[in-house]
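With these hints in hand, go ahead and build the complete structure from the sequences.
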Amino acid sequence: MAKRSGLQREVLKLYRMSIRCIKTKPPQTREHWRSFIHEEFGKYKGIPKIQFNTIEHLIRTGYKRYEMFSNPQIKDIH
Amino acid sequence: MYRSFLRSAALVRPSIKLSQQSIRFYVTQPITKDEVITRAFDALKTVATLQESKISLESSFQKDLGLDSLDTVEALVALEEEFDLEIPDKIADEIKTVGEAVNYIYEEEQKL
Chain B
1 MAKRSGLQRE
11 VLKLYRMSIR
21 CIKTKPPQTR
31 EHWRSFIHEE
41 FGKYKGIPKI
51 QFNTIEHLIR
61 TGYKRYEMFS
71 NPQIKDIH
Chain E
1 MYRSFLRSAA
11 LVRPSIKLSQ
21 QSIRFYVTQP
31 ITKDEVITRA
41 FDALKTVATL
51 QESKISLESS
61 FQKDLGLDSL
71 DTVEALVALE
81 EEFDLEIPDK
91 IADEIKTVGE
101 AVNYIYEEEQ
111 KL
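These protein sequences, in sequence, are chains B and E.
Be aware that the first sequence starts at 1, since it is given in the UniProt record's numbering, and climbs by one per residue.
Be aware that the second sequence starts at 1, since it is given in the UniProt record's numbering, and climbs by one per residue.
Quick caveat, the hints were computed from the structure, so don't treat them as lab data.
Take the hints with a grain of salt, since some may be wrong.
Partner residues are not named here, just some residues of chain B that face chain E (Cβ under 8 Å, in silico) [claimed, not checked]: (1) Arg4; (2) Arg9; (3) Lys13; (4) Arg16; (5) Arg20; (6) Lys23.
A few chain B residues that face chain E, going by a derived Cβ cut-off under 7 Å, partial list only [unchecked claim]: (7) Leu12; (8) Ile19; (9) Phe41.
For every residue, glycine included, the Cβ atom is placed at its ideal position computed from N, Cα and C.
In structure tokens:
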């Protein structure tokens with residue numbers, strides 16, 4: 001496997017943070033969270049890796065949404 | 001100042017008593033490599049994308065098991081949850097096969 005670029009590692013970091021965050025949610029909703037995160041990342045799988053600006057923007061908004069959803073008062077998602 | 005000393009003394013004393021009563025000496029068996037392997041495989045089976053695949057120590061997450069990089073992260077987090085540790089990003093990026101992950105976990109468990 002080729003060495004990952006900085007941007008790729010950023011994406012993986014965000015993904016890892018999001019997946020780890022599932023643990024803090026109530027057990028019966030964890031499957032929803034997992035599929036939600038999967039879908040959100042899956043939406044942009046097709047973006048060519050040359051579009052740095054788009055990806056950077058998505059990472060930024062991703063962090064914002066992570067902060068919002070990691071609030072313990074938000075318990076479920078669909 | 002005197003009062004705060006009293007309070008802290010009052011706080012300390014019962015805890016000493018309690019620890020004297022409830023202390024027990026025993027040694028837990030150190031975790032064996034086989035145990036790490038079986039628990040790791042069980043944890044990996046819970047990952048949605050890995051349910052049907054054949055897992056062995058040599059299988060590479062991306063080449064043999066057909067995961068993409070995001071699924072690999074998911075598998076590693078499942079392992080983290082099972083063993084209650086956190087694999088730092090740098091090491092997690094280097095792990096490519098199940099065997100490497102198991103080795104890392106085994107070494108971490110020895111350190112405890």
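Structure-based check of all given hints:
Hint on Arg4 of chain B holds. Least Cβ distance to chain E is approximately 7 Å, under the 8 Å limit. The criterion of a C-beta within 8 Å of any C-beta in chain E is met by Arg9 of chain B, whose closest approach is roughly 7 Å, and the hint holds. Interface hint status for Lys13 of chain B: upheld, as the beta-carbon distance to the closest one in chain E is roughly 6 Å, under 8 Å. Among the interface hints, the one on Arg16 of chain B holds; its C-beta lies about 5 Å from the nearest C-beta in chain E, closer than the 8 Å criterion.
The interface hint given for Arg20 of chain B holds, since its Cβ lies 6 Å from the closest Cβ of chain E, which is under the 8 Å cut-off. With 8 Å as the threshold, the beta carbon of Lys23 of chain B comes within range of chain E, its nearest partner Cβ sitting at about 7 Å, so the hint holds. Of the supplied interface hints, the one on Leu12 of chain B holds, with its beta-carbon coming within about 6 Å of a beta-carbon of chain E, less than 7 Å. Annotation: interface hint on Ile19 of chain B holds; nearest CB of chain E at approximately 5 Å, less than 7 Å.
At its closest, the beta carbon of Phe41 of chain B sits 6 Å from a beta carbon of chain E; the interface hint therefore holds under the 7 Å criterion.
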